[in-house]
Each structure stands twice: as structure tokens, then as C-alpha cells.
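Note that the protein sequences, when read in sequence, are chains A and B.
Sequential numbering of the first sequence, starting at 82, is according to the working numbering.
Sequential numbering of the second sequence, starting at 62, is according to the working numbering.
Please note that the accuracy of each hint is not assured.
Stated by the list, open to error - Restricting the straight-line Cα-Cα distance to at most 27 Å, the calculated cross-link-like pairs of lysine-lysine (DSSO-like) are: (1) B:K102 - A:K141; (2) B:K101 - A:K141; (3) B:K80 - B:K101; (4) B:K80 - A:K194.
As the list claims (entries may be wrong) - Some but not every residue of chain B turned toward chain A, in silico, with C-beta under 7 Å: (5) G89; (6) A92; (7) M107; (8) P144; (9) S147; (10) L151; (11) T158; (12) S159; (13) P160; (14) G162; (15) G163; (16) G165; (17) F169; (18) G170; (19) G172.
Claimed, not checked - Chain B is nowhere near these chain A residues, computed Cβ spacing over 10 Å in every case: (20) T93; (21) A98; (22) F99; (23) N103; (24) T107; (25) A134; (26) D135; (27) S139; (28) K149; (29) H155; (30) S160; (31) A167; (32) L183; (33) P195.
Treat the hints as calculated values from the structure; they're not laboratory data.
A virtual CB, placed ideally from N, CA and C, is assigned to each residue, including glycine.
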Amino acid sequence: GDSVTQMEGPVTLSEEAFLTINCTYTATGYPSLFWYVQYPGEGLQLLLKATKADDKGSNKGFEATYRKETTSFHLEKGSVQVSDSAVYFCALSDGSGNTGKLIFGQGTTLQVKP
Amino acid sequence: DTEVTQTPKHLVMGMTNKKSLKCEQHMGHRAMYWYKQKAKKPPELMFVYSYEKLSINESVPSRFSPECPNSSLLNLHLHALQPEDSALYLCASSQDTSPRGGRGTQYFGPGTRLLVL
Chain A
82 GDSVTQMEGP VTLSEEAFLT INCTYTATGY PSLFWYVQYP GEGLQLLLKA
132 TKADDKGSNK GFEATYRKET TSFHLEKGSV QVSDSAVYFC ALSDGSGNTG
182 KLIFGQGTTL QVKP
Chain B
62 DTEVTQTPKH LVMGMTNKKS LKCEQHMGHR AMYWYKQKAK KPPELMFVYS
112 YEKLSINESV PSRFSPECPN SSLLNLHLHA LQPEDSALYL CASSQDTSPR
162 GGRGTQYFGP GTRLLVL
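Modelling step: build the complete structure from the supplied sequences, incorporating the hints.
What follows is the structure, encoded as C-alpha cells:
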């Protein structure tokens, strides 16, 4: 079945450092790919998405490119801030049917220190 | 506007109580979802409603009973819960359940944090 693998955390960075969180997937059909962010005590917020191969999603300085050849959707940011400290989830839509299901990775905790 | 609202924000209930969680969206979305999330874990899908009909029940115990009164509202009725049901309950909505073209992009509410004593 479809699956998402994220790099294990926690990831600890200093402010203004470069961020990469790796995400790879296995899927059938034509899934869309997503990054969600969850700040402490809150729900999930859609950070960015890509709906087809080679699409680049971007938002708030974060970027990720849908790479079908490497089955990856790595999240990057050039300069992180303390306010970016959160849990980041990579997810894909169930591309083999009309179920609406999202398949989530295990989440990566990011801590940014001043 | 991509807002999904949930009430209450926090809920404490005993194992014999009956309570309900409420979720609302005004984006014209025709698919709505309930998830359960334990600390430091990804959300687990519980139910999917598509065009106000229950389309997926992920083998959820009958002490959880979903209801979709109309296309904007989703309820989760709780009865005789167990302490292990304590979790963050998240509601989400999407345009529909299609994976194509981003129509299935899910927007989440802030959640209801439930504590069962």
C-alpha cells in the first residue's frame, strides 16, 4: 500500500540556518503531496502542496518539489526562525481511488534555537 | 477563507457521560473527516463523509458515533468512552474526495482536546 517515510527527528537548528526535512513516498496512481505543520497545542495547518510531478509548492519561505523519479518531496527553507519550531508532517493523498484518505509520515519535530 | 471551526476547544468527561464534538466549515466543501491524534503521532483517520453520506469508517468503536446534518456541519457523538480515548480530535474538510488536481486537499480545524476520566 501507499506509504510516506520522513526523516526522524528531532531536528535542532540555530536561527537563520538552512532547513531540509526529507520525505519519500511509495504510491500508486497520481497522488498529490502535502506538507502540514502543527504548532504546539494547535491543529494541522496546510503549509504547501503539489498536485503533479515537477510541481513546486511554496509558502512562508518553505519550498518542496514533487520528484516522481526519486519519489521524494523534501521540505526546505533557507533561513529558519524560532517561530518555525513545530512538528512537520509529510502526507500524500490516496491516488488509487476516490477515498479522500491522506497517508501521513510519522512527523519531524523541528526546534530552532535563538 | 480556509477556516474550519471546532467546538469545544477542551472537553473533560467521565466514562458514563454523553457529549458531542462539533465541526463547521463554510467553504462549500463536500467531504468532511474526523481524525484522532495522540501526542507526538500523526493523525489517524476515523470517519469520512462524502456528500453528507458516511463513506469510510475505519473500524472505529461504536462508542464514537458520527453525524453529518448538512454539508457544512459534522458532529461526533461520544458515549461511554474509555481513558485511552483521551486525545486531540481533529476535523478536516476538502472540496471532495478526489485525489486529482488538489480537490482532496484537506483543511484542518484547531481540534478538541478530550480528556476521559
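Verification of the hints:
Between B:K102 and A:K141 the alpha-carbon distance is near 24 Å, which keeps this suggested pair within the 27 Å criterion. Annotation: proposed proximity of B:K101 to A:K141 holds, straight-line Cα distance about 24 Å (limit 27 Å). For a cut-off of 27 Å, the pair hint linking B:K80 to B:K101 stands: about 25 Å separates their Cα positions. At most 27 Å may separate the alpha-carbon atoms for a hinted pair to count; B:K80 and A:K194 exceed this at roughly 41 Å.
Checking B:G89 against chain A by beta carbon gives a least distance of about 16 Å; that is not within 7 Å, so the hint is violated. Proximity of B:A92 to chain A holds as hinted, the smallest CB-CB distance being about 5 Å (cut-off 7 Å). Violation of the interface hint for B:M107 is found here, the shortest Cβ-Cβ separation to chain A being roughly 12 Å, above the 7 Å cut-off. The interface hint given for B:P144 is violated, since its Cβ lies 21 Å from the closest Cβ of chain A, which is over the 7 Å cut-off.
Evaluation of the B:S147 hint against chain A yields a violated restraint, the C-beta minimum of about 15 Å exceeding 7 Å. The beta carbon of B:L151 is positioned within 7 Å of a beta carbon in chain A (closest approach about 6 Å), and the interface hint is therefore held. For B:T158, the suggested interface contact is upheld, since its CB lies about 3 Å from the closest CB of chain A, less than 7 Å. For B:S159, the interface hint holds, since its Cβ comes within 7 Å of a Cβ in chain A; the closest pair sits about 6 Å apart.
For B:P160, the interface hint holds, since its Cβ comes within 7 Å of a Cβ in chain A; the closest pair sits about 4 Å apart. For B:G162, the interface hint holds, the least distance from its beta-carbon to any beta-carbon of chain A being 6 Å, beneath 7 Å. Interface hint at B:G163: satisfied, since its Cβ lies 4 Å from the closest Cβ of chain A, which is below the 7 Å cut-off. Using the Cβ-Cβ criterion of 7 Å, the hint placing B:G165 at the interface with chain A is satisfied: the shortest such distance is roughly 5 Å.
This hint holds: B:F169 has a C-beta 4 Å from the nearest C-beta of chain A, less than the 7 Å allowed. For B:G170, the interface hint holds, the least distance from its beta-carbon to any beta-carbon of chain A being 6 Å, beneath 7 Å. Checking B:G172 against chain A by beta carbon gives a least distance of about 4 Å; that is within 7 Å, so the hint holds. With a cut of 10 Å on Cβ distances, A:T93 stays outside the contact zone with chain B, its closest approach being about 16 Å.
With a cut of 10 Å on Cβ distances, A:A98 stays outside the contact zone with chain B, its closest approach being about 23 Å. In this structure A:F99 is separated from chain B by more than 10 Å, as the shortest Cβ-Cβ distance comes to about 25 Å. Taking the minimum C-beta to C-beta distance to chain B, about 16 Å, the non-interface status of A:N103 holds against the 10 Å cut. For A:T107, the shortest C-beta to C-beta distance to chain B comes to about 15 Å, beyond the 10 Å cut-off, and the non-interface label holds.
Non-interface call for A:A134 relative to chain B: holds, since the shortest CB-CB distance, roughly 13 Å, exceeds 10 Å. For A:D135, the shortest C-beta to C-beta distance to chain B comes to about 15 Å, beyond the 10 Å cut-off, and the non-interface label holds. With a minimum CB-CB distance of about 15 Å to chain B, A:S139 clears the 10 Å threshold, and the non-interface call stands. With a minimum CB-CB distance of about 15 Å to chain B, A:K149 clears the 10 Å threshold, and the non-interface call stands.
Non-interface call for A:H155 relative to chain B: holds, since the shortest CB-CB distance, roughly 18 Å, exceeds 10 Å. For A:S160, the requirement that its beta carbon stay farther than 10 Å from each beta carbon of chain B is met, with the minimum near 26 Å. Every Cβ of chain B is farther than 10 Å from the Cβ of A:A167; the closest lies at roughly 13 Å, confirming the non-interface assignment. Non-interface status of A:L183 relative to chain B is broken: a Cβ of that chain comes within 10 Å, the nearest being about 6 Å off.
A:P195, annotated as away from the interface, keeps every beta carbon of chain B farther than 10 Å; the closest lies near 24 Å.
In the structure shown, a violation is registered for the earlier hints numbered 4, 5, 7, 8, 9, 32, in ascending order.
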